[in-house]
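Chemist: What follows is the residue order along each chain.
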Amino acid sequence: MIDHFARALTQWPLFMTGLLNTIWLCASTAVVSLILAMFLAIPLMSHSLAVRTVARLFVDSVRSVPFLLLAFMAYYCLPAVGVKLSSWTAALITLLVYNTAYFAEILRGAWSHLPPQQEEGGRAFGFTGVRLLLYIIGPQLFIAAGPVLGNQLIQVIKDSAFLMVITIPELTFKANQIQSILFVPFETFIIAGCLYWMLCNSVEWLVRRLELVAQTRRAR
Amino acid sequence: MQVRGLVKSFGALRVLDDVSLTVDAGETVCILGPSGSGKSTLLRCINLLETPQSGEIYLRGERVGFREEGPNGQVRMSEREMAHIRTRIGMVFQQFNLWPHLTALGNITVTPIRILKRPKHEVEAEALALLEKVGLVDKRNEYPIRLSGGQQQRVAIARALAMRPEVLLFDEPTSSLDPELVGEVLSVIRGLADEGRTMAVVTHELAFAREAADHVVFMDAGKVVETGLPDEFFGSPKTSRARQFLERYR
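If you read the protein sequences in the order shown, they are chains L and Z. Each residue of the first sequence is one higher than the one before, counting from 1 in my numbering. Each residue of the second sequence is one higher than the one before, counting from 1 in my numbering.
What the hints contain is simulated information worked out from the structure, not anything from laboratory work. Everything numeric in this text was worked out from a predicted model, so none of it was measured. Honestly, I wouldn't trust all of these hints.
[As the list claims (entries may be wrong)] Quick list of the computed label-pair ranges, beta carbon to beta carbon:
(1) Ala-50(L) with Asn-141(Z): 39 to 47 Å
(2) Arg-190(Z) with Arg-52(L): 43 to 51 Å
(3) Asp-17(Z) with Thr-216(L): 56 to 64 Å
[Said to hold, decoys possible] Which stretches of chain L does chain Z cover? Using the computed rule of at least three CB atoms under 8 Å from a CB of chain Z, they are:
(4) 30-40
(5) 80-91
(6) 135-142
[As the list claims (entries may be wrong)] To give an idea of the chain Z side of the interface with chain L (calculated C-beta under 10 Å), a few residues:
(7) Ser-9
(8) Ser-40
(9) Arg-44
(10) Arg-80
(11) Met-82
(12) Gly-90
(13) Met-91
(14) Pro-100
(15) Thr-103
(16) Leu-116
(17) Arg-118
(18) Arg-146
(19) Gly-149
(20) Asp-231
For every residue, glycine included, the Cβ atom is placed at its ideal position computed from N, Cα and C.
Turn these sequences into a full structure, and let the hints guide you.
Modeler: Laid out in structure tokens, this is it:
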């Protein structure tokens, strides 16, 4: 068994390629989706029922479709209606759409618990629109929702493994490739599992560190 | 600053009923009255946080909240225009409403830097001077959660002053403070009154009103019942409602 591990590990460049692909896919998803989610949270909190309903319909529809199915839709269905995407583009779009909906819902939850005096305080000092969001409301939402956003980020990492089915060479894809070359599936997948474990725990650790900072910056 | 014939109803409840008020430049006006008499709503209307059904508000002779357009029409100002007016009015809230994600210094500097677009180094120097003035310069890097209520309210006053406002509005600034913390906040406000700032202070602190106010306005049930000089009002109130109110608080 030890020598099986040793054999699997001879393919470490493939593991690393997969790991790096997983990391950059998830990291760019986290950054871009969080920004998009901030703006999607606005219509979710709108006073207008029509605006709120449209936003809610989008968020709820995306959240009630399995991630894998959404990836299939982007990769197989969009070309059928004339939109041809590379597998990478399809993968990124799937990750972004799916997680923007989740992050937006998390931020909306935090927003609905934000004391209305905070927004009003901002308005009383002349903040409106984007600047109200950027300097007064947004930071408080991220501080309040930090741990929940962290959990969702870990979910992003795990979901990204599904992207192997649309030929994205991320970590699970690469592990599968290695085991099919070397015929040591058990050891290969254990190694891949450990890499996921380390990645997710690093995120967890980072979130906990940020949480310590966040605690001093909350109202209570 | 002048308010003329302000009317504000929430549903069937008439919270402000034809309220008029003048605060001359350099003057401190204390607004007194029982809870629910419309004092806070009046300040919120002046700061354009509430839209009155009718009435006019003037800041340095300039109509705010509405623009006169056409022969008989008046149009509510846009959000942007109202935001600009609000930067000219400093507001201090009952619940302080400091922004918890910013330090004491950050709370004071964020608006001048981001909204008034003034240079950062200049704003920070001024903010430190303001913190000095409210006696909290050593707390400049603390977040609000680490400050007592009295300290938070003093930071909130410094935050309002940093806007270089034309008028300062105080909405029951000491009502949510522990009794032993009231004094430190009142002495700061008193200092501002003595400097000749233009201020409207809604308060239940009658002793403070008597000492600091140039004029006293007494409100009850959405109406201005009595106005006068503090000594006249507290010494010999003209209306029975004011007499009752003062007796209850003595």
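Chemist: Evaluate each hint against the coordinates.
Modeler: Status of each hint after checking the structure:
1. Restraint check, Ala-50(L) to Asn-141(Z): a C-beta distance of roughly 45 Å satisfies the suggested window 39 to 47 Å.
2. Under the hint 43 to 51 Å, the C-beta atoms of Arg-190(Z) and Arg-52(L), about 47 Å apart, fit the expected range.
3. Restraint check, Asp-17(Z) to Thr-216(L): a C-beta distance of roughly 46 Å breaks the suggested window 56 to 64 Å.
4. For the stretch 30-40 of chain L, the stated coverage by chain Z is not satisfied: 0 residues place a CB nearer than 8 Å to a CB of that chain, which falls below the threshold of 3.
5. Beta-carbon proximity to chain Z at under 8 Å applies to 0 residues in the stretch 80-91 of chain L; the threshold of 3 is not reached and the given coverage is violated.
6. Restraint check on the stretch 135-142 of chain L versus chain Z: 4 residues with Cβ-Cβ distances below 8 Å, three needed, restraint holds.
7. Interface hint at Ser-9(Z): violated, since its Cβ lies 20 Å from the closest Cβ of chain L, which is beyond the 10 Å cut-off.
8. The beta carbon of Ser-40(Z) comes no nearer than 12 Å to any beta carbon in chain L, farther than 10 Å, and the hint placing it at the interface is violated.
9. At its closest, the beta carbon of Arg-44(Z) sits 9 Å from a beta carbon of chain L; the interface hint therefore holds under the 10 Å criterion.
10. Interface restraint check: Arg-80(Z) against chain L, minimum CB-CB distance 6 Å, threshold 10 Å, status holds.
11. The beta carbon of Met-82(Z) is positioned within 10 Å of a beta carbon in chain L (closest approach about 8 Å), and the interface hint is therefore held.
12. Because the smallest distance between the Cβ of Gly-90(Z) and any Cβ of chain L comes to about 9 Å, under 10 Å, the interface hint for this residue holds.
13. Contact between Met-91(Z) and chain L, as hinted, is supported at the beta carbon level, the nearest pair being about 4 Å apart and thus within 10 Å.
14. Look at Pro-100(Z): its Cβ gets to within about 4 Å of chain L, closer than 10 Å, so that hint holds up.
15. Against a cut-off of 10 Å between C-beta atoms, the interface hint on Thr-103(Z) holds, since the closest Cβ of chain L lies about 9 Å away.
16. Because the closest C-beta pair between Leu-116(Z) and chain L is about 8 Å apart, less than 10 Å, the hint holds.
17. About 13 Å separates the beta-carbon of Arg-118(Z) from the nearest beta-carbon of chain L, more than 10 Å, and the hint is not met.
18. Below 10 Å, beta-carbon pairs count as interface contacts, and Arg-146(Z) has one with chain L at about 7 Å; its hint therefore holds.
19. Restraint check, Gly-149(Z) versus chain L: the minimum CB separation of about 12 Å is more than 10 Å; hint violated.
20. This hint is violated: Asp-231(Z) has a C-beta 33 Å from the nearest C-beta of chain L, more than the 10 Å allowed.
Violation of the numbered hints given earlier is confined to hints 3, 4, 5, 7, 8, 17, 19 and 20; the remaining hints are satisfied by the structure.
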